[in-house]
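Student: Spelled out, the chains give:
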Amino acid sequence: MNRVITPETPAEVTDRELVVRCRAGDEAAFDALVLRHRERAFNIAYSLLLNHEDATEVAQDAFVKVYRSISEFRGDCEFTTWLYQIVVNLARNKRRWWMRRGRKMTVSMDCPVETTDGEMTAQVAAATDPPDAEVARAEFVRTLEERIAGLPTRYREVLLLRNVEDMSYEQIAVVLGCSVGTVKSRIARAREALRQAMAGEL
Amino acid sequence: MHCPQIQTELSAYVDGELPPSIRAEVEAHIEGCPHCQEHLAELRRLAEGVAALPKPQPAPQFLAAVRRKIAHGETPEQKNWIDLLFRPVWMKVPIEAVALAAILVVAAVLVTPPRRNTALQTLAMNRKESTPAERAAAPANAPARSPAQPVPIVLNAPVKAKEEAVQNGPLVAREESAAAKALQQRARESGVRTFAPPISAPARADARANGREALTAGGGIAGAGDTGGGVVSHDFGVPTFGLAVPVSGIVRYGERQPVETIVVEAKDSSTVLVHAGMVANSLGGKVETFKRAGGAVQSFFVELPTENVTAFKAQFANQLVSPSRLIRGTGAAVDRFSAPASSASAAAGTLTEERKPQLGDQPSRQTTAAATASSGAVEVPFVREEKTAPPDVAKQTAAPNKQQFDLGGSPLTPPSVPQRPLEPEEPLPAAASSTTVLEIQVVTPGR
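These protein sequences, in sequence, are chains W and V. Last residue of the first sequence: 202 in this note's numbering, with the numbers rising by one and none dropped. Last residue of the second sequence: 447 in this note's numbering, with the numbers rising by one and none dropped.
These are calculated hints, taken from the structure and not from any lab test.
Simulated crosslink set (BS3-like; lysine-lysine; CA at most 30 Å straight-line): (1) K65(W) <-> K69(V); (2) K55(V) <-> K65(W); (3) K69(V) <-> K55(V); (4) K286(V) <-> K267(V).
Isolated chain W, as found in the complex:
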């Protein structure tokens, strides 16, 4: 089989088509799905685990699970919804796994990141010669990131899914396995908690 692995899978090829090809045994289609969604899967995992290593493992495991159970995916929701569902569940399991061992989930901006060149520190990209407004905004986002990390996970995950992944309440409800009403009220409470945590910064 001629495997074509390119990150730039044509955008016109939909997830649904890739899934169909993947179920038919097209390995390249699976690779295309991984390349297309790895960042989002990793981001969700990271937002829940706040740990680069664990997030990587969870995101990879999520794709392994996708590969193994692609035949069970009935296509009654978006592929991304299904993928995020898997990621969220695996991340929750991982969280529980760590909590049982008494490990505190802490934010670490400079935890080592494994790259092809060895371990290096993850750093927030900074624009060169930023204007004052940009500096202030970067500072605001950095503070916000810290405060979000202090929120309960159930708040953090809905905020991330809503504003980072730009998912609808209905999609979030599917991913989290709860009702739309729960999503709505939870997002409202999460924002209220974050608003109070950011008091003086807004």
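Here the structure of chain W is known, so what remains is to put chain V in place on it, guided by the hints.
Tutor: Same frame as chain W, but now just chain V:
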């Protein structure tokens, strides 16, 4: 809507998730409410800030790692077995408590002796099942029937003393089955000499003691025995893993109670056993041996098809080799449920002195009404050897025995079975309805 209500909807408003009607209402309110305008602005800044959060990039070789995991057959659930070891305490404790309870239950089932209904346990059941009302009534009965009541003939004082001791004794003694009381009392009223069987007093006392042990130590042993003094329905013992309440001395004849006892005098009981075994075998029967607790009398059982009993007795008697000789038992046709007065009389006349200490000393622990009733006939030889009973004692006691059985109205233990501390060597299988059980006693001569 007022501000608090509006503010609960503002979050969904920011996300564009409000239905049009509420959305219009919210917008109308915000127009004229600076406070809610400020709140909305904060929420928007928050949402934008969250959307602008830095997105950490996955490690390079992400796809290769996924492929490697797939190739190695890893599954995300692989570590789950480890989780079992590290559950939080709030989960661990209940799980382990349940597991421990389950283990204990299984262990209890494994080590608890199966149902073994002996006379002793029947006593225990009697005691357990008697209601408070019955217990209250019991003391009232006791003085009415015994020492104050004139007993026509008292054959020997120690016997009566023992009986009184029993009757005035602990509650358990008075809880002996109603049938037993009725039988004794009826016998007295009819003016017939009734012997408080010498065995029965210590036996009952003994049984009481053991019965308490059974009650306290024998938890879990349930008996299905009757409480009214009829036939004790015995299950035959199943191996009890050494945890059964000790019941030595209890004859667990159960429903295989021998209908007749054949007494043979022989030097070597094993010869008689082999002989009986051969005869029984030829007639479709079999022999069950018992280990005796002590004493010279050996005893075993022969189970036969009922129609072959007569043939067995004839062949067995004919083929006895001298010096073995038959003392009694093969002549009379025996009704299973009636008292064979003739055999009792015969026994009274022929039993040797050696039987006395066995009968008198052995603590026979049969405590049911059947035992009490039957012991009257059984103890005749003993009484006679004491030289306190007139020669016609046996015949006179045989009659009340019959009467007692009629009174009981249920198939009682045949009185010809002496109660001995027989210990079944192995459990007898349940008898088929068409078989009859004989007991063969071997008395060693010259002692």
